[in-house]
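Once you have looked at the hints, place chains A, D and F on chain Y.
Number of protein chains: 4
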Amino acid sequence: MAGNTFGQLFKLTSFGESHGKAIGGVIDGCPAGILLDLEKIQSELERRKPGQSKIVTQRKEPDVVEIYSGIFEGKTTGTPIGFAIYNTNQKSKDYSHIKDSYRPSHADYVYDKKYGFRDYRGGGRSSARETASRVVAGAIAKQFLKDVKINAFVSQVGKIKLEKNYTQLDFSNIESNAVRCPDIEMAGQMEDYIKSIKKEGDTVGGVITCVIQNVPIGLGEPVFDKLHAELGKAMLSINAVKGFEYGSGFEGVLMKGSAHNDQFNEDGTTKTNRSGGVQGGITNGMDIYFNVAFKPVATVLQSYETINKEGEKVTTQGKGRHDPCVVPRAVPIVEAMAAIVLADYMLLARSNKI
Amino acid sequence: MAGNTFGQLFKLTSFGESHGKAIGGVIDGCPAGILLDLEKIQSELERRKPGQSKIVTQRKEPDVVEIYSGIFEGKTTGTPIGFAIYNTNQKSKDYSHIKDSYRPSHADYVYDKKYGFRDYRGGGRSSARETASRVVAGAIAKQFLKDVKINAFVSQVGKIKLEKNYTQLDFSNIESNAVRCPDIEMAGQMEDYIKSIKKEGDTVGGVITCVIQNVPIGLGEPVFDKLHAELGKAMLSINAVKGFEYGSGFEGVLMKGSAHNDQFNEDGTTKTNRSGGVQGGITNGMDIYFNVAFKPVATVLQSYETINKEGEKVTTQGKGRHDPCVVPRAVPIVEAMAAIVLADYMLLARSNKI
Amino acid sequence: MAGNTFGQLFKLTSFGESHGKAIGGVIDGCPAGILLDLEKIQSELERRKPGQSKIVTQRKEPDVVEIYSGIFEGKTTGTPIGFAIYNTNQKSKDYSHIKDSYRPSHADYVYDKKYGFRDYRGGGRSSARETASRVVAGAIAKQFLKDVKINAFVSQVGKIKLEKNYTQLDFSNIESNAVRCPDIEMAGQMEDYIKSIKKEGDTVGGVITCVIQNVPIGLGEPVFDKLHAELGKAMLSINAVKGFEYGSGFEGVLMKGSAHNDQFNEDGTTKTNRSGGVQGGITNGMDIYFNVAFKPVATVLQSYETINKEGEKVTTQGKGRHDPCVVPRAVPIVEAMAAIVLADYMLLARSNKI
Amino acid sequence: MAGNTFGQLFKLTSFGESHGKAIGGVIDGCPAGILLDLEKIQSELERRKPGQSKIVTQRKEPDVVEIYSGIFEGKTTGTPIGFAIYNTNQKSKDYSHIKDSYRPSHADYVYDKKYGFRDYRGGGRSSARETASRVVAGAIAKQFLKDVKINAFVSQVGKIKLEKNYTQLDFSNIESNAVRCPDIEMAGQMEDYIKSIKKEGDTVGGVITCVIQNVPIGLGEPVFDKLHAELGKAMLSINAVKGFEYGSGFEGVLMKGSAHNDQFNEDGTTKTNRSGGVQGGITNGMDIYFNVAFKPVATVLQSYETINKEGEKVTTQGKGRHDPCVVPRAVPIVEAMAAIVLADYMLLARSNKI
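Chains as they are written, first to last, in my numbering: chain Y, -15 to 338; chain A, -15 to 338; chain D, -15 to 338; chain F, -15 to 338.
Isolated chain Y (complex conformation):
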């Protein structure tokens, strides 16, 4: 399979290149009877949209979703939801600097090798523009999930790292600043840092933390399809992601078992939550939380040496309007993929018992 479908029962199939006519997708398996708030879908797209603040790319793309099917009299019908987002920014540009040469740490080289040629306009299919389709599907999944609350936020930009635990944070602050960090003071530092990086024509990486609350007990298919394994795959499939950890994560390695184990309360909740809400691949009702590491964006607005198709050295100048740091705009994408996984596993869990 060419890998453009995600999910088993709640499924998103995505299509589209950054500079083709449109991107979009089909959401199949969404249960019937959900009263959909279409404005909420659009508002999630606004959170991902370029041009929303000074620390993100200044490209102008309206990103208006057009829904073709699957909804009738305001409610999902159980049939597939087809949708498209037109690429308005499609005008013929000068792509000569990327047409014949390979940008370092981009997918240009491997696409050419794998497929024999590539749509070189602005990254084509490998562009993060594809994630807009995920945000649409995630916004619908969220409405199906109803009481389950999914909050992602920026917890690190370069070396600037939020040391507070998520329980000490006020999620209502997330959207109050351009970075999407719930700690206002840290958000200010991060924003300043991103601005300084942008001035250099350079980029920087970051970490997004995601917290899922009010999760039903019993989601997750043990063995290969453990809930956290699917969440990990979902996150690692987002452009620029280099790492995923949940619960105690890489830090947990340092602990002894006697200290790491989550002791039970009498109601089945646990006193600590190093398990991150998942035990043996199945939710135990505690909060799910995980971190996602994003590398610095590969497109730097500097001059660099690279090779062309013929394997000759060429010097190129990075140009265009790019994000100096991807994490602020990636927050809604992380939430969307989390929502899709949760919706899918919610449906899968319906077949557990007689």
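Keep in mind that the hints were calculated from the coordinates and are not lab data.
Honestly, I wouldn't trust all of these hints.
All copies of an identical chain are treated as equivalent in the list; a pair is satisfied when it fits inside any one copy or across any two copies.
[Unchecked claim] Lysine to any residue pairs mimicking SDA-like chemistry, simulated, CA-CA at most 25 Å apart:
{"#": "1", "residue 1": "K59", "residue 2": "R334"}
{"#": "2", "residue 1": "K303", "residue 2": "A243"}
{"#": "3", "residue 1": "K293", "residue 2": "S27"}
{"#": "4", "residue 1": "K297", "residue 2": "H90"}
{"#": "5", "residue 1": "K255", "residue 2": "G295"}
{"#": "6", "residue 1": "K297", "residue 2": "Q26"}
{"#": "7", "residue 1": "K38", "residue 2": "N135"}
{"#": "8", "residue 1": "K83", "residue 2": "F56"}
Just chains A, D and F now, with coordinates in the frame of chain Y:
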């Protein structure tokens, strides 16, 4: 789906509980014509087997694989390879301490909630014993992969961490010590530490690093099925895993794009390899490398408080023969899952072009 | 899964209701490098289109396909091909006669029961309009298949049945008449019969025969995914289909094995072809041929009694512009599904051997 | 995929060659909490077993199923059910007559072409012996389905055809005779005919009719995974099957729509049932019924000409103990596949609505 199948074209379906009659599986999609060395399959199982050294569980399980189908005159036939490993250690034991109470940070509680009841004998399906089936499938995948070299090793135990880069290590040392760490000196320190932890009846976590070399260019299905996303899911599906990072991983977050980007040589290789051999989800021919974080084993041989089915507090004593640290025995499991993913994507890549 | 995806490696995901904004789909897994003739795609749609002759429905729908992605500089890129066909005939009509009552032998009743409510406008998702998406995917599959020739034709309408074997027919006659029957004389009889049925406001069933030539040897996955089993499913998934048989089919039941067996020629071809080009689920290089039975269209332009949502008897008058016989327009749909199956199994077969 | 898995949520993965060590499979996705009657599983295998009467093959195979996992304290646990049936009849035989030559209308030739070589012992993977694994899975599916009644029976052998509708038959007669035909008189005629065919060393085809009663409304995923399409694929995947029709089937072609339509009663049932219990791919609660056509067994105990691997003509003598007519033993296989499809769609239907 109940999640006991992994892979799209090279597929493992696994079955079995730790104390049922047998565990085993079916490998479907293995190409025809591979001359199988059956001893190599068994020797991979020996690497995972309990009782192989003083720092692993002292249980005695011969773990002999019996192959039922799919091989004729020494070669794979293209038909499914069914196999079983009998559970010889199946004698009726005293399970009263886990039958009615829930071990902290195990899957006991969630299985009861999800399925209504559980096979409480030694962890049942949630036991890491299941991974023996993965090792069988991985050993066959390795023989299909031929020139691709997969080497995993222990790079961290608790706080003791290998600081050397994998290129500075001699992989031929991996099997020379009980820890499976290629740096002999560090291996000694790790072994001593595990022994001291064992004496306390406690456990500790660790990290396994895996390096894949001689990888063909062009493996990986962009978007949702990026190669590293599938590798991540494969690793996160292994018992006790809490995190996955590839290439520059979580460290990459700290770098600027201009420094992080891998510059090309004229032959298409790159001067650095922060991409970890994968760009845009597709292999570029450079080494793939990644880290997998394992939490400390939940079973500690100490007394602890927990709850029973009725939600009442009970005090229990951990007993049995358990691993004080899971990473030495998990090395062949990590390699096996890597091999399965690579074999699967090798077959998938055959449909790229006309 | 909600069942809107067909295929394993060459996959069509379809969306859309008959009276929503648009129908369409995503073709995933199409190999890169196919020089696509877009006019051929449109011309296949013309073959399926309403209003093309006097014996089909007189509705006017231009059925113009708009392709959003997956093609660059005239060639497939290996990325998903998203497309839509706008529903131009979407004006607000009077649906009162089907909104609250259930048309006999339609899907109205079961959709209401399954999903709680339904998009009652013109059949919604259960409308055969959905098959236009299949025709688009089939037209692309055909271009991938190149030398494989797929010819479907009408071989029976009501009692009027072509007794000639397909080898006695001239396929170039198929498109010469409105019925799509290669025997001109029989085509005339069938056309007259359909016209007389239409006058009565009634409908009639028919059979489509499909012949696939120049098939490579070795397509088909034995056991559950036998080639003819997948072809059967593909055909049975087309609206109004009630039966499928291949090779000797139901007639073969009457024969003795000694007479039914296909004896070999020295070059591996067979003297007879009762196997229909498939043995043990795998193609043997001989022609594949099969029959598909279509029931009479359920919508009759007569008055009939039925029930409403409340289970009360109501009398209704069938109206609108409907096909008196579905088979002439179903010919390209049968070909399309055959092409999709063949393309899919062509890709699957690439993983047979080392 | 190599096609050895059937089902989406209730899944059977099958393995094994006719003369390897064992055949068997893994049933994944069976809900937890089913109190399994293991004797019923074995008794279904007895119905399929060779040597049970004078009109079937006289081979002796005990066909005892050994279950390895997935059951605890008599109940399914929700984990995969692994099982094997040892091949006791495995002794080294003289296969020289099929090792180097290709039996007509068998899979020998295509396996060699597809995979490069084949396990030539008794048909290997292409042997109908594989269907024993399906019977095990079907027997478990039946116990999950509980109130749903599945009855298959022989309705035709060669030209001898049951003209009665299934509603006129007494299903309790099915197991009373060796043919498995509920009409005792017809059963006698069929039995005599099969005996006479056997004497000639020849074989004959037949039809099995299957009736499914007490089906819940709403099973079936519209569009590609219509219930009858999946049933069709399930049946066409059984060895020797050449055709499938449901409801009015090929006969329905002859009718006019006004006569073919099933008029509603006030309770939502229909006065007639030409739809065969399925409308638009979804069950409407009426009986499901369908016919499956089986060709005459290809192995005839006569002398015949064929070719060897080198493409040279050779004369061979059919030998061994083979079924003169496959339908009596195929009755439990048809029921098993129907049960697997129903169980699978029962689970899928759980995700229809919010």
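Subject >> Broken hints, by number >> reply: 3, 6
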